[in-house]
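Colleague: Can you build the whole structure from these sequences, using the hints too?
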Amino acid sequence: MRFGIHSMVWVGDWSEASARFAIESTAKAGYDLIELTAMDPSQLDVAMTAELLQEHGLGATASLGLDASTDVSSEDTDIVAAGRRRLFDALHLVRDLGGDILCGVIFSALHKYHQPVTDRGLANSQRVLADLADEAAASGIRLGLEFCNRYETNILNTTEQTLAYIEQVGRENVVAHLDTYHMHIEERNMRDPVLAAAGAGKLGYVHVGESHRGPLGTGNVHWDEFLPALREVDYDGVVTFESFSSEVVHPALSSTLAIWRNLWTDSQALAADARRFLAEHLERH
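Every number in my numbering is 145 more than the matching position in the sequence shown, counting from 1.
Take these hints with a grain of salt, some might be off.
Simulated restraints on C-beta separations [unchecked claim]:
| # | residue 1 | residue 2 | range |
| --- | --- | --- | --- |
| 1 | D241 | E377 | 18 to 26 Å |
| 2 | A403 | H367 | 16 to 24 Å |
| 3 | A283 | A414 | 37 to 45 Å |
| 4 | E392 | R421 | 18 to 26 Å |
| 5 | D185 | Y296 | 21 to 29 Å |
| 6 | E425 | G315 | 36 to 44 Å |
| 7 | E331 | E161 | 34 to 42 Å |
| 8 | K257 | E305 | 15 to 23 Å |
| 9 | D221 | D411 | 41 to 49 Å |
| 10 | M193 | K173 | 31 to 39 Å |
| 11 | E331 | K173 | 39 to 47 Å |
| 12 | Q199 | H367 | 16 to 24 Å |
These are calculated hints, taken from the structure and not from any lab test. Positions of the beta carbon are idealized from the N, C-alpha and C atoms, including for glycine.
Modeller: This is the structure we're talking about:
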């Protein structure tokens with residue numbers, strides 16, 4: 146396995162000073178890679194980021210959630226086109242950083258919907274993802290579909306839905322991105338989804354996040370079901386720690402994810418504790 150940490154554990158922007166702090170801190174805490182927040186890929190300086198990653202021997206992935214103006218599941222052709230451009234920009238970011246996965250809510254907007262997805266909207270989403278996957282394949286990049294709770298998307302809320310969507314897209318490099326925070330809300334248990342995704346050959350990326358978004362092991366996620374399941378299926382991909390607090394503010398994502406409380410103030414201690422937690426439960430000794 147490779148262990149990663151979300152950039153918003155460290156910083157809310159990606160200036161040179163913030164990028165250096167986040168990447169240095171990630172390496173110091175013993176992680177293999179950092180997951181970049183690519184809500185607007187144009188705001189990330191690729192050359193500067195690549196240099197810092199190389200300096201500290203880290204890899205990178207990138208994740209994003211689309212917004213209302215870039216929702217590829219919309220019926221509005223202009224909005225779908227804008228979402229397509231945003232996703233291809235994010236893909237090129239991953240490619241230029243030498244990464245191998247783009248993940249997140251890349252199939253719809255990351256917000257609360259007030260009605261089910263339409264047939265036309267779903268078809269638009271799948272068409273864009275198929276095209277994105279084709280270009281990603283040329284660079285050896287996979288697309289991880291992060292299914293989320295019902296308050297953040299109306300397309301994919303469970304592993305079962307995600308596997309069905311992937312089958313309809315019909316591209317080998319599209320995989321399921323499991324996130325324990327969302328699974329804790331929507332799945333019946335934490336073991337069966339892991340086995341289902343692995344059994345389909347589509348377990349491609351994992352976020353470990355606590356039920357309250359704070360330190361691992363201090364909430365209600367059934368780690369005793371989820372983590373042994375990863376070992377049971379011999380998962381050897383990326384496991385990224387994701388945690389949010391109002392201590393670190395992103396200009397768009399913090400509000401989208403409703404990060405209103407200070408669940409922690411010391412990101413260094415938080416990251417080190419999460420790395421120990423992952424080592425204890427997932428590393429083979």
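Colleague: Which hints from the list above does the structure break, by number from lowest to highest?
Modeller: 1, 10, 11 and 12
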